[in-house]
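Novice: With chain A's structure known, arrange chain B on it following the hints.
These protein sequence lines map, in sequence, to chains A and B.
The first sequence begins at 1 in full-length UniProt numbering and counts up one residue at a time.
The second sequence begins at 1 in full-length UniProt numbering and counts up one residue at a time.
Simulated from the structure, these hints should not be mistaken for laboratory data.
A portion of the hints provided could be inaccurate.
Note that the list lumps identical chains together, so a pair holds whenever it fits in one copy or between two copies.
Claimed, not checked - Straight-line distance between alpha carbons at most 25 Å, and here's what the computed PhoX-like set of lysine-lysine pairs gives: (1) K237 / K252; (2) K171 / K237; (3) K252 / K200; (4) K237 / K169; (5) K267 / K252; (6) K210 / K237; (7) K113 / K35; (8) K89 / K35; (9) K210 / K200; (10) K189 / K301.
Predicted model only: the values in this text are computed from it and were never measured.
Number of protein chains: 2
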Amino acid sequence: MESTTQKQIQLAQRPNGMPTAETFRFTNTSVPEPKEGEVLVRTLYLSVDPYMRGRMQDTKSYVEPFPLDEVIHGGVVGEIVQSNSPDFKRGDTIVGMLGWQEYSAVPAKAVRKIDPDVAPITTALGVLGMPGLTAYFGLLHIGQPQEGETVVVSGAAGAVGSLVGQIAKIKGARVVGIAGTEDKIQYLKELGFDETINYKTEDVQKALEKACPNGVDVYFDNVGGEISDAVYSLLNKFARVPICGAISSYNKAGEDLGPRVQMKLIKSSALMKGFVVGDYADRFEEGSRQLGAWVKNGSLKYEETIVEGFENIPDAFLGLFSGSNLGKQLVKVTDPLYAKI
Amino acid sequence: MESTTQKQIQLAQRPNGMPTAETFRFTNTSVPEPKEGEVLVRTLYLSVDPYMRGRMQDTKSYVEPFPLDEVIHGGVVGEIVQSNSPDFKRGDTIVGMLGWQEYSAVPAKAVRKIDPDVAPITTALGVLGMPGLTAYFGLLHIGQPQEGETVVVSGAAGAVGSLVGQIAKIKGARVVGIAGTEDKIQYLKELGFDETINYKTEDVQKALEKACPNGVDVYFDNVGGEISDAVYSLLNKFARVPICGAISSYNKAGEDLGPRVQMKLIKSSALMKGFVVGDYADRFEEGSRQLGAWVKNGSLKYEETIVEGFENIPDAFLGLFSGSNLGKQLVKVTDPLYAKI
Chain A
1 MESTTQKQIQ LAQRPNGMPT AETFRFTNTS VPEPKEGEVL VRTLYLSVDP YMRGRMQDTK
61 SYVEPFPLDE VIHGGVVGEI VQSNSPDFKR GDTIVGMLGW QEYSAVPAKA VRKIDPDVAP
121 ITTALGVLGM PGLTAYFGLL HIGQPQEGET VVVSGAAGAV GSLVGQIAKI KGARVVGIAG
181 TEDKIQYLKE LGFDETINYK TEDVQKALEK ACPNGVDVYF DNVGGEISDA VYSLLNKFAR
241 VPICGAISSY NKAGEDLGPR VQMKLIKSSA LMKGFVVGDY ADRFEEGSRQ LGAWVKNGSL
301 KYEETIVEGF ENIPDAFLGL FSGSNLGKQL VKVTDPLYAK I
Chain B
1 MESTTQKQIQ LAQRPNGMPT AETFRFTNTS VPEPKEGEVL VRTLYLSVDP YMRGRMQDTK
61 SYVEPFPLDE VIHGGVVGEI VQSNSPDFKR GDTIVGMLGW QEYSAVPAKA VRKIDPDVAP
121 ITTALGVLGM PGLTAYFGLL HIGQPQEGET VVVSGAAGAV GSLVGQIAKI KGARVVGIAG
181 TEDKIQYLKE LGFDETINYK TEDVQKALEK ACPNGVDVYF DNVGGEISDA VYSLLNKFAR
241 VPICGAISSY NKAGEDLGPR VQMKLIKSSA LMKGFVVGDY ADRFEEGSRQ LGAWVKNGSL
301 KYEETIVEGF ENIPDAFLGL FSGSNLGKQL VKVTDPLYAK I
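Chain A extracted, bound-state conformation (with noise of 0.2 Å):
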C-alpha cells in the first residue's frame, strides 16, 4: 500500500436550501483492506452531480438519503490497486457508485470494468454513463422526438441536456436550448442546436415564443421553476414533457409554488413524466451500446468540466447550482499509480 491514510468527505449536516461548508466534513480515516472477493480502489475521477443534493435530505425519494456523519457517494472512475477477486488485478479501470475518499474496498460486483482504449475514461461519468443513458432514455423513450417537431431542452449546456438536443437532431427535430452564460450559448451553436435563450439576458417567455414558432413538441425538463412555467404556455397538442430534473427548486427551503399545470396539461393533452436512468436499467447496454456508436462516428460530442483536487469537490458541486459548469462536471482525484489511460 500507498498510504495507510486517506481523505474522506461525510454528509455532517442535511442542508436547509443550498449547502454550505458546514453540509461538508473532511476527515482522515485509514485505507480500509479488501476481504475475500472484494478489490481495492484508488479514485481517480469524481462525478458530481444535481441530483445527490436529493440524497442529502432525508424526505422520500427514489433513493436512499445519504446517512448523518458516513461518507457521500456518487460515481466513481478509479483503477484498481489490489484485488481479491478474479475478475479483476492491479491496474484495471473501473466505474463505480464508490464513496468521495481516496481509497474504497467493494465487493467486485459494485464496479465494473471499462475499457481505456474505446474512449477516455471519464466518458463513463459522462456521455457513456449515466448523464448519457438519462437523456437517451428520457428523450427517446418518454419525449420521443419526431423528424420535424420542436423540442426545447432546458440546462442545456449541462451533462444531460448537451445530449439531449444533439439526441434530438439525430432524430430529425427543431432543437432550442435554453442556457445562462454566453459560454454556454455559444457551445450549444457549436453542437448544432437550432435556436438558444439565455435565461438570464432574455424574456424566456417572449424568446421562446419568437424560437418557436410552431409551438413545443417535446419539453426535455432539467430545470424547473419559471422556465419551465414558460414552456408550458406553448406545448402543443399530444405535447411529451420528460421531467429529469428541477434544478431550480433542489434548494429552496421551503415549498416551491408555482402556477398550476393541470389545465395546460388538458388544453393540450400533454404527457409529463417523471424518471431516473435507474427505471431503464434493464436496457442499459441498448443505450450504451448506441452512445458509444454516435461518439465514434462524430454525430455525439461531449464536453467535461473537471476541476482539480479532493478538496475542491464541494465546491464543484456546489458551482452546479450557479452554473459554472459546461457539460459534464468531475472532479480529478489523482493521475493513476497502475493503470494505463
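Specialist: Positioned in the frame of chain A, the structure of chain B alone reads:
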C-alpha cells in the same frame, strides 16, 4: 310548426371568475327553418358540464371559445320535429352538440340517432355519452389500473368520477373516492367504493394517508387544486395521473398557484397526462359498446340530477361549481311531442 318563436341563451359577457347572471342573456328568436339536408330538433334535455366554463373564455384551449352574443352550445338530447334528410324522420330521438335553445336546425350529420329501447335517452348525455367515454378512456388508456392497485378519484360523485370508480372496481382495483357532501359519500359507498373522503369535513392529507396505506397507483384528477396537492405526495413508483379536469381552478380570476409537481413526479417516476374525450374519437364505438354492456349487466350504475325548465339552465350550470349535482347534471326542457321514450 308548433311555435314560431323560441327561447335561447347567449353568452353576454366573458366571466372573470365565477359566472353570474350577467354572463347569460335570455333572448327570443324565431324557430329556424331547416334547409335541404337539415333536420329541425326540439330540445328535450340539455347537458351542463364543467368544461363549458373554459369555452366562456377566449384563451387558447382545446375547443374554440363560445363567441360573444351567440347561443351557447352543449350536449343536447332532442326529438326530430321536421326532417329534410332521408336519414331521420319526425319522432326520432337524437343526441348532438346543439345550442341552449328550444329548437335547432342543423345538418343531419351533426346529430346521431339514439334508441330509446336500449337505455333511457338521457344516458346519451351521461353514462353512454361523453362523460362515460371520458371515464372509460381516461382511466383505462392513461390510468391503466391493475388488479390490487389503489385508484384515487377526485370529484368522485360526479358524472365522470362515479363511473371511473366503478370501472376501476371492475378491473379489480381498490378505489378511494373524494367528494364534498355526505349524500355523495353515501352514494360512493352504495357504488362499492372501498374508501371515501369528505374533503369538506376531513383533513384530506391525513384521510388519504389512512385510506391509502400502500400509496396511490392511479389518481384520476377531476378537480386539481389542494385536493390534488395532497394526492401527489402519496404517488407510488410509476403512478399514472390522468388529468381530466381542474374544476377548482376554472373560476379563479388570476393564475392558480400551488406547489410545483416536478419533484414529486421525478421521485415517483410518475406520469401525468391531460386529455379530452375527443382524443379517443376513433375508439368511441369500442367504448360505447363496453359501457353499454356494463350498464346492461348491472356492473355500472349511474345517477342523474335533473333540473326542470329552460330558465334554470344557468343555475344548473353554476351548481356544478358548488357541487350540487350527484352524477350527471341535466336540464329537462320539455316532454316530447312525437318521440316515444
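Novice: Please write out, lowest number first, the hints stated earlier that are contradicted by the structure.
Specialist: Violated: none.
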